[in-house]
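Same order as they appear, the protein sequences are chains A and B. Using our numbering, the first residue of the first sequence is number 9, and each one after it goes up by one. Using our numbering, the first residue of the second sequence is number 9, and each one after it goes up by one.
These aren't lab readings, by the way, just hints derived from the structure by calculation. Computed from a prediction, not measured in an experiment: that's the story for all the values here. Heads up, some of the hints might be wrong.
[Claimed, not checked] One-sided excerpt, in silico: chain B residues whose CB lies under 10 Å from chain A:
1. 100
2. 150
3. 180
[Claimed, not checked] Distance windows between CB atoms, simulated:
4. A:123 - B:39: 48 to 56 Å
5. B:39 - A:224: 48 to 56 Å
6. B:55 - A:264: 45 to 53 Å
7. A:275 - B:118: 18 to 26 Å
8. B:65 - A:119: 49 to 57 Å
Virtual Cβ for every residue (Gly too), placed ideally from N, Cα, C.
Protein chains: 2
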Amino acid sequence: MAAEAVVVDAADRGLAYGDGLFETIRTHRGTLPWWLRHRARLALGAARLGIAMPDDARLDAVLTDALVRADREFGGEAVIKLVLTRGAGARGYAPVDGIAPTLFATASPVPAATPDPLIVDLLTLRLGVQPALAGIKHLNRLEQVLGAREANERGLDDGLMADADGFLTCSTRANLFARIDGRWITPPVDHAGVAGVARGVLIEQWRPEGGLRVERLPLAELGRVEALTLSNAVRGILVVARCGARPLDPLPDGLTEACAALAASHPAFLES
Amino acid sequence: MAAEAVVVDAADRGLAYGDGLFETIRTHRGTLPWWLRHRARLALGAARLGIAMPDDARLDAVLTDALVRADREFGGEAVIKLVLTRGAGARGYAPVDGIAPTLFATASPVPAATPDPLIVDLLTLRLGVQPALAGIKHLNRLEQVLGAREANERGLDDGLMADADGFLTCSTRANLFARIDGRWITPPVDHAGVAGVARGVLIEQWRPEGGLRVERLPLAELGRVEALTLSNAVRGILVVARCGARPLDPLPDGLTEACAALAASHPAFLES
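My request is simple: use the sequences and hints to build the entire structure.
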């Protein structure tokens, strides 16, 4: 059976205003090991935007259907993208009561492995500071699109993004962990950026020597970074070999433990 | 014939990332008096985002179809919403070459008149500063959605929005013009906000006494504002009666000339 194209009403507020949320969920043998974490972030985003969170029965139905398609088309190792929008409504920014949220899921193959370790650099594009939207995975992603375009144009594997106040925040598609003076730091995501699911696992379960601090990382510190890793829920942990002209430690202390912590939580990352 | 529902591929980047642009165009007797202005802003946005601008034949076909529907359903006085996205593509933020942009238009009735003069206040929500996206009418509009929600919750007709640096920028759905010490000012839109089509007409063609200055408006100046008007391409010029507890001049010097300048450019605003 051919995959049926999923279509959305052109009046959907997800399209009109990016008025919605998404989750990109790595499968493993037809299951979603991190589903409860993705669900928690989705619920947080829904509460922040004032969108009704679908009940578990509806979420399960949509995800089960996507898993079946993923299994049929990609053999069980796949990425499920779940989208929740405020629904289709009349023109005008103000959210209208009584419209039914849109919920659907699509399946894609796991992306091809990127060159690892990565070559990155600081992008010229800065992230706007917006505490009301920071942390959640909403559909307003033009900054990431423009950032990814800049990274591509500069021949980078990914680009580091600082916010408008000059704090290093994330890459275009991952959270970042930097080692400075032998200690690991990851920036908070309360001004910009997304609270990544893999980041959450690492904050909870990775105990490198000296600890992992969640701390703002001024751009001035970038020159002192000794090692840099990027994490997201699709690719796990990727190590950065070089930031601009500066080579970084490709096998920093603590990396093995970070990968082990992630794999213990999500077996798709056992091999990474 | 019933209106056919316009649908969009769920993989459209307009939905996935807000990776696109729109124009909200007021019709008049089945024509679009400001089309060339809307087209110019759309072209600017397309260039900024790196989306191929559709040629005039395609734009004309889509708009003519929407005008026919508007005429049939709303009698010729309507609002046409034109949407251009980068098109449907694979997962991943980076724009992919070779996908066909999505272009469609929908028609809505002219919105019911708002109470005029308006009651507004400064919103607590600030706009992120993002020069790469400021000025263009892109699909990342969650700040406006959250701003409109706050305005509704506070019982306001609209809300004034300052940017993260503390400069008054716009309302949730309009550009603003403030009179201070007898002279009119409108803020630039190079850090946040949209370069409104009605705003463009007023900057070009309204010549109030003392001139109209395009100048940053620090929040500290808000207490000195004597009169405030809001403009957009759907509603024309609206006068603000009160900002928070402060009454403003409902018939300020220069207002008649502003309305005349707009009406001379777009006859739908003759009666306003």
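So, going through the hints one by one against the coordinates:
1. For residue 100 of chain B, the shortest C-beta to C-beta distance to chain A is roughly 7 Å, which falls under 10 Å, so the interface hint holds.
2. Annotation: residue 150 of chain B was flagged as interfacial toward chain A, and the flag holds, the nearest CB pair being 5 Å apart, inside 10 Å.
3. At a threshold of 10 Å, the smallest CB-CB gap from residue 180 of chain B to chain A is about 6 Å, leaving the interface hint in force.
4. Checked against the given bound of 48 to 56 Å, the beta carbons of residue 123 of chain A and residue 39 of chain B, roughly 55 Å apart, stay inside it.
5. For residue 39 of chain B and residue 224 of chain A, the Cβ-Cβ distance of about 54 Å falls inside the hinted range of 48 to 56 Å, so the restraint holds.
6. For residue 55 of chain B and residue 264 of chain A, the hinted distance range of 45 to 53 Å is satisfied, since their beta carbons lie about 47 Å from each other.
7. A hinted range of 18 to 26 Å is violated for the C-beta pair residue 275 of chain A and residue 118 of chain B, which are about 57 Å apart.
8. Taken as a hint, the range 49 to 57 Å is violated for the pair residue 65 of chain B and residue 119 of chain A, whose Cβ atoms sit roughly 37 Å apart.
Checked against the numbered hints given earlier, this structure breaks hints 7 and 8; the rest are met.
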